[in-house]
Amino acid sequence: MRGKALIISVATGILGILYFIYAGMMLYNWIAGTFIQEAGSVNNVLGLFVPSDPGCAVALITIGMLLLGSLYYGLNNVKGVSCIFLGSLLGTAMLIIQFLVVLANMASIEVSFLSGEIVEYTVVEDVLRPEITLGIGSIMVLFFSALKIRQITGK
Amino acid sequence: MPSTNIKKQEQPTGYKKIRIALAGNPNVGKSVIFNELTGGRAWVGNWPGTTVEKKVGKAKIGKYEVEVLDLPGIYSLTAYSLDELVARNGIVEEKPDIVIDIANAANFERSLYLTISLLEMGTNIVVALNMIDLAEAQGYKIDAEKLSKLLGVSVIPTIAIKGYGLDKLKEAITKTPQIKRVPRKIVDYGDLVETEIQKIENLIKKDLELSAKYFPRWLAIKLLEKDKDVEEKIKSSPLADEILKQTQKSREILEKKLQKDMEEYIAEKRYETALEIAKKCLKTVKIRPTTLTDMIDFVTTHKVFGIPIMLTMLYIAFKFAFDVAAPLCDLINWFFGTFLYDLIVNSTLPPIVKSFLGDGIVAGVGSILVFLPNIVFLFLFLAFLEDVGYMARAAFVVDKIMHKLGLTGKSIIPMILGFGCNVPAIMATRAIEDENDRKVTALVNPLMSCSARLPVYLIFAGAFFAAYKGTVVLSMYVLGLILAIAMALLFRKTLFKGPSAGFVMELPPYMMPIIKNMLIKTWERSKRFLFKAGTIILIAAILIWILSITGPSGYIGIEALEDPYLLEKSWIGALGHFLEKAFSPMGWDWRAAAALFFGFVAKEVVVAAMAMLYGASGEETLPSILTGIFTPLTAYAYMAFVLIYVPCLATLASIRSELGMKYALFALIYEILLAYFVALGIVFIGHVLGVS
Numbered sequence: 001m002r003g004k005a006l007i008i009s010v011a012t013g014i015l016g017i018l019y020f021i022y023a024g025m026m027l028y029n030w031i032a033g034t035f036i037q038e039a040g041s042v043n044n045v046l047g048l049f050v051p052s053d054p055g056c057a058v059a060l061i062t063i064g065m066l067l068l069g070s071l072y073y074g075l076n077n078v079k080g081v082s083c084i085f086l087g088s089l090l091g092t093a094m095l096i097i098q099f100l101v102v103l104a105n106m107a108s109i110e111v112s113f114l115s116g117e118i119v120e121y122t123v124v125e126d127v128l129r130p131e132i133t134l135g136i137g138s139i140m141v142l143f144f145s146a147l148k149i150r151q152i153t154g155k
Numbered sequence: 001m002p003s004t005n006i007k008k009q010e011q012p013t014g015y016k017k018i019r020i021a022l023a024g025n026p027n028v029g030k031s032v033i034f035n036e037l038t039g040g041r042a043w044v045g046n047w048p049g050t051t052v053e054k055k056v057g058k059a060k061i062g063k064y065e066v067e068v069l070d071l072p073g074i075y076s077l078t079a080y081s082l083d084e085l086v087a088r089n090g091i092v093e094e095k096p097d098i099v100i101d102i103a104n105a106a107n108f109e110r111s112l113y114l115t116i117s118l119l120e121m122g123t124n125i126v127v128a129l130n131m132i133d134l135a136e137a138q139g140y141k142i143d144a145e146k147l148s149k150l151l152g153v154s155v156i157p158t159i160a161i162k163g164y165g166l167d168k169l170k171e172a173i174t175k176t177p178q179i180k181r182v183p184r185k186i187v188d189y190g191d192l193v194e195t196e197i198q199k200i201e202n203l204i205k206k207d208l209e210l211s212a213k214y215f216p217r218w219l220a221i222k223l224l225e226k227d228k229d230v231e232e233k234i235k236s237s238p239l240a241d242e243i244l245k246q247t248q249k250s251r252e253i254l255e256k257k258l259q260k261d262m263e264e265y266i267a268e269k270r271y272e273t274a275l276e277i278a279k280k281c282l283k284t285v286k287i288r289p290t291t292l293t294d295m296i297d298f299v300t301t302h303k304v305f306g307i308p309i310m311l312t313m314l315y316i317a318f319k320f321a322f323d324v325a326a327p328l329c330d331l332i333n334w335f336f337g338t339f340l341y342d343l344i345v346n347s348t349l350p351p352i353v354k355s356f357l358g359d360g361i362v363a364g365v366g367s368i369l370v371f372l373p374n375i376v377f378l379f380l381f382l383a384f385l386e387d388v389g390y391m392a393r394a395a396f397v398v399d400k401i402m403h404k405l406g407l408t409g410k411s412i413i414p415m416i417l418g419f420g421c422n423v424p425a426i427m428a429t430r431a432i433e434d435e436n437d438r439k440v441t442a443l444v445n446p447l448m449s450c451s452a453r454l455p456v457y458l459i460f461a462g463a464f465f466a467a468y469k470g471t472v473v474l475s476m477y478v479l480g481l482i483l484a485i486a487m488a489l490l491f492r493k494t495l496f497k498g499p500s501a502g503f504v505m506e507l508p509p510y511m512m513p514i515i516k517n518m519l520i521k522t523w524e525r526s527k528r529f530l531f532k533a534g535t536i537i538l539i540a541a542i543l544i545w546i547l548s549i550t551g552p553s554g555y556i557g558i559e560a561l562e563d564p565y566l567l568e569k570s571w572i573g574a575l576g577h578f579l580e581k582a583f584s585p586m587g588w589d590w591r592a593a594a595a596l597f598f599g600f601v602a603k604e605v606v607v608a609a610m611a612m613l614y615g616a617s618g619e620e621t622l623p624s625i626l627t628g629i630f631t632p633l634t635a636y637a638y639m640a641f642v643l644i645y646v647p648c649l650a651t652l653a654s655i656r657s658e659l660g661m662k663y664a665l666f667a668l669i670y671e672i673l674l675a676y677f678v679a680l681g682i683v684f685i686g687h688v689l690g691v692s
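Heads up: the protein sequence lines correspond to chains A and C, in order.
Everything in the first sequence is counted per my numbering, starting at 1 for the first residue and increasing by one.
Everything in the second sequence is counted per my numbering, starting at 1 for the first residue and increasing by one.
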């Protein structure tokens, strides 16, 4: 039991840190692209799919903060469980929205055929965004936090 | 007794006509019950302050044809704010046959205070004890039968959002008009006070007209409470001097003997009665457990996490609204820009008619309707956040900041409503008691980004910031909120000095949203946009088309729409060149300046005007044209200008009707100046940072 809790704590910690790292890269990409034209983006440097989106970066930082905040309060504490639940819930919501975006982009391609345009769309770029890659981790953590909440609230 | 008069009229259909009013604390479910009774579409929101004006609906219940009044949520029957006054007058002046008092079972004692106040008025009431499921979840049960006996009225347990108990409520409505209620003393204020109440009451009873209109004991109590509105009512009586003199005398005697302000004393006694009744009817079934709402609230209202969570929620909302709705926008764009436009261009109509339909109406109105899916999706998501209960938390975290700045938290609800449309938001300022707070809130409300500005943001964000257009649009909303708070602070420190009133924000429990409610809300909000597209925007598009093909020298010809040299000679060209001088520091050309002029009618018209002036049609879409005219920096400054400058005509009219012409003009001028300097500042800072 203790071992399981330790594994979840470590996984949550790693996930939280990853959210922060991706957010940092996004902000770097945005600053580099907007203010320092000469600088290369992280995409070029690391070959990762990191968009330059400051709004998304704020969302990722929030999720990272909540996941790490749960470790600060402790996962056996109501406050800690609240943090991990909200953090993973937001992470999952971001994943769902990104999936919807992928579907919408595919539908847009179909619409563009109507006007005779041929538009290329690479699904991989959208699927490998951090909202999805990290979101998968969030779903697992959400499952754990939901069980914890059931224990606490009795529902 | 005056309040138990039942105005039943035999109708030819055989239905008897009665009127009922729905009263209750804010966010207790009045509008849900209103909708259930009338099949109406009253605004339902899981946060307080949704209803600011009384609404009227019709229903057929049993043998009655019922007119239902939905009153604003109130905690008491004092008349400190306009919404309380609207609610009270809805009962006192309009004299409904029955008042359905919707009590919150999950906040029982406080709801009882209003119930007691209603009974004191002598009204014929039925208590709908709503949210009994939440009360049980909190660990207690209410004995409805006992409560009914103690209050002497019907008490029906309900769960309005699930429809539970509503049939019984309807049954009680049909029975109540036949019950001739005898008003009784529900609160015992003690011998000393009762003697003085009796003295005033006896004087009031001498004025038969007055005592037939209002319940005399209620008037007497209200006079002792120094209720200004009731004092005004008394002034119309020929016995006014005598009554007011006696009141003054009684109040002085009582305050001296009790060593307490009478208003405070009376409120205390009412609370004591409410607690006493509650104690007799409440049964604790289990110790209140930690609920999911408690757990989520710890995080969403946290001093560190609260604001980032709010921004994340808004980011998700914008991503959903813009990126997910994109294919539908593309489809509408194809329909107007390609299919319909080509149909007109390839038709055998005379060239001027083709130009009128294609370059005028289709380019103008079509360029706006393209954004309908974005607006519908955004409103759908906001409706979801409202119904889940998150919007109240968002208001709470922003209120914390406003409170620190010395601003009233009550401003936050009209400000958030402003994200939909500034007109109802300005009307919602009526709930603010303090006059200075109310004026300041109404004056800064147009800075909250309403849906009319969305098409402008989307055009520019799509053209210049495609990779993160959701974030750029979100930044406009945040900028609007920051400016509104800054201006409110400035006005409060300079023009409207004085302390701000306190604010107690009730956080409703989190709930699963009801799809039907969400869809009604989304439709009601989106409908305004569609209506505008078919009226104001259509007229504006026609006007712009006419002003583009005519000029000081007379008719120029439809060629002006494709020939920039000819277009410059049109009325629009003259206007644009006149305005261009003022906007050249921001790098905007004369067409962008002219489009801003027409945005005064409605902000969406900016896009319609641009589409025509830049000759967007067919394959040459407006975003692609704009990328050759603006830079990302000047585009962002333009978006900020559209956010801030003159509110639309309807908003100005709303400010005029709420605050007067002087304030409407003031709003108009300060917003133009603010918009100009903010846009200039963005361009200047951008250049300094090397963003060009």
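Simulated from the structure, these hints should not be mistaken for laboratory data.
Glycine included, C-beta positions come from ideal geometry on N, C-alpha and C.
Among the clues, some could well be false.
Claimed, not checked - Ranges between beta-carbon positions, derived for each pair:
no.	chain 1	residue 1	chain 2	residue 2	range
1	A	N76	C	E171	27 to 33 angstroms
2	A	V124	C	Y663	52 to 58 angstroms
3	C	K141	A	A107	48 to 54 angstroms
4	A	G154	C	K168	40 to 46 angstroms
5	C	K168	A	A107	28 to 34 angstroms
6	C	V478	A	G33	37 to 43 angstroms
7	A	F143	C	K493	48 to 54 angstroms
8	A	Y121	C	K141	55 to 61 angstroms
9	A	G154	C	E268	33 to 39 angstroms
10	C	G660	A	N77	53 to 59 angstroms
11	C	E524	A	Y121	34 to 40 angstroms
As the list claims (entries may be wrong) - Calculated cross-link-like contacts (lysine-lysine; reagent style DSS-like; alpha-carbon spacing at most 25 angstroms):
no.	chain 1	residue 1	chain 2	residue 2
12	A	K79	C	K303
13	C	K228	C	K400
14	C	K257	C	K233
15	C	K168	C	K149
16	C	K283	C	K303
17	C	K400	A	K79
*So which hints don't hold here, by number, going up?*
Structure breaks hints 1, 4, 5, 6, 13, 14 and 16.
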